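All chains should be built: construct the whole structure from the sequences, respecting the hints.
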Amino acid sequence: MKKFVNKVDDMLVESLSGFAAAHRDLVALHLDPNYLTRAQKPQNKVALISGGGSGHEPLHAGFIGYGMLDAACPGHVFTSPSPDQMLAAAEAVDMGKGVLFIVKNYAGDVMNFEMASEMLAGENATVLTSDDVAVINSTYTTGRRGVAGTVIVEKCVGSLAETGADLATCKALGDKVNQRTGSMGVALTSCTVPAAGRATFDIGDNELEMGVGIHGEPGRRREAMREADAIVGDMVAAILQDFERSDHKPAKGQEILLLVNGFGGTPLMELYLLFNSAAKVLEGHGLIISRSLVGNYVTSLEMAGASITVCLLDDEIKRHWDSPVHTPALRWGR
Amino acid sequence: MRTEFILSAAAAIQQAILASESELESLDREIGDGDHFINMKRGSAAIVDMRSELADLSPDAALQKIGMKLLSTIGGASGPLLASFFMAMAKTAKERETDSLAGIAAAFAAGVDAVKQRGKADVGEKTMLDVLIPVANRFQTLTATDASRDEIFAALKDAAQAGMLSTRDLVATKGRASFLGERAIGHIDPGAKSCQVMIATVCDLALDRH
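First to last, the sequence lines map onto chains B and G.
With the working numbering applied, the first sequence corresponds to residues 12 to 345, in that order.
With the working numbering applied, the second sequence corresponds to residues 461 to 670, in that order.
Please keep in mind that the hints were generated in silico from the structure rather than gathered at the bench.
No false leads were slipped in.
Once the Cα atoms are required to be at most 25 Å apart in a straight line, the calculated DMTMM-like pairs of lysine to aspartate or glutamate come out as: (1) G:Lys529 <-> B:Glu102; (2) G:Lys551 <-> B:Glu129; (3) G:Lys529 <-> B:Glu125; (4) G:Lys501 <-> B:Asp20; (5) G:Lys529 <-> B:Asp21; (6) B:Lys18 <-> G:Glu481; (7) G:Lys576 <-> B:Glu125; (8) B:Lys14 <-> G:Glu481; (9) G:Lys525 <-> B:Glu129; (10) G:Lys525 <-> B:Asp43; (11) G:Lys576 <-> B:Glu129; (12) G:Lys529 <-> B:Glu25.
Anything over 10 Å on all C-beta distances counts as not near chain G; from chain B, calculated: (13) Lys13; (14) Met22; (15) Gly29; (16) Arg35; (17) Pro53; (18) Thr180; (19) Asp216; (20) Tyr283; (21) Lys291; (22) Gly297.
Please read all numbers here as calculations on a predicted model, not as lab measurements.
C-beta atoms are modelled at their ideal positions from N, C-alpha and C, and glycine is treated no differently.
So, in structure tokens, the structure goes:
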């Protein structure tokens, strides 16, 4: 393992401290239990709290600030945070209009946030994100994973919360955006959890993992490496097939948001190449790419690879996507 | 059940988890995301570190405190599941006697029920419950017979071992391995393995104490 480390056990706190120092105008770090909040507490809005394992930076703390989150709870690398962090964060940011937890659908995250929700005295609700189409959903399984689409949920609900909307309305928009969003990821290399010290999975030089998650956990299948257009074709097809099975089959002329998200080890040059390729396929299906985002937003440490996310827009989602946002990792309009 | 035994068990479990490092890590790399050993190591160390806080408590209060500590130190899925186990066990231990093995078996079963509820899972889903449920059932059945203490703990070790091995041929429907579908077949569940290690350790300790 070759990483920038002092002591492995100190990595998380040292990284969080650097993040908070670099963005001290926007965020404040609280330790033991660990959580981050906005530097200035807003007033009279639903408090949005997210969290999850670390190693996905800038998710979630990078999205704290005006127009997005009020607080984030970072767990250890790829490990859900614990309820004491969520309770402390909720107490710090609750403005009397309730707390909305935005949680990626993984067994650990769901259970920890569920326990926090049960222990929390104040009004609260939860939006579970589950945009990963690689996992076929079933009532008998943990279900689809929350991946890069979580950013779109956090952005849109964050915008709505700034308007003073109530808890139920915020939750409803979060659920709607999640249902209209599908993602598919591909890994070219593994990643190394620092405390484990070696690669999470073995993958050959000529192989790719189709449908990979954001923890280096395996996906749908191991395949031979191919040219980018062929890989993108399969990824987009998986997303579109999933929409076909849903209640909101996109018609020709449907406007979409196309997000190409890097996993941490793939350069922007390749991410833009993927965007070019995905845009051609999607436009070939009669969809209109009216909003876009390309970059490393939901990463998997140093894994090479990327995910493609499509969100089916409507006027409400578009309005909340376009509204001003000012966070360490996402900023426009102010 | 005495607090002194709980403390000895915690120390023995910590050693057993450390000794299982390579096995737990390789199982978790195969069908998980590689953090299970680290989390179990952190959790067991936290309990051993609070020895002095626990020593003067009643067994139920000690179990409750262990549950709360695990909840805030392990994270992941194991954190709330193990915490739910100890907190439910504490509740039962507070409400009834746990001087007899039958009493301990009842508290253990209450803990396992709490894990089922928290994880919304049951036997056959390739999780820690494939170890816990058979052990809880065996424990309650045997303590209702005139089986000796040695026979009971030996049987519980066997039940844990068999439960752990049974996960090898299962498709996971809960937890992170569920994303793998049939690719999880042929791999033992890391959570089932760590549970088996802990149960075997406590059984050995109980047999030694005899």
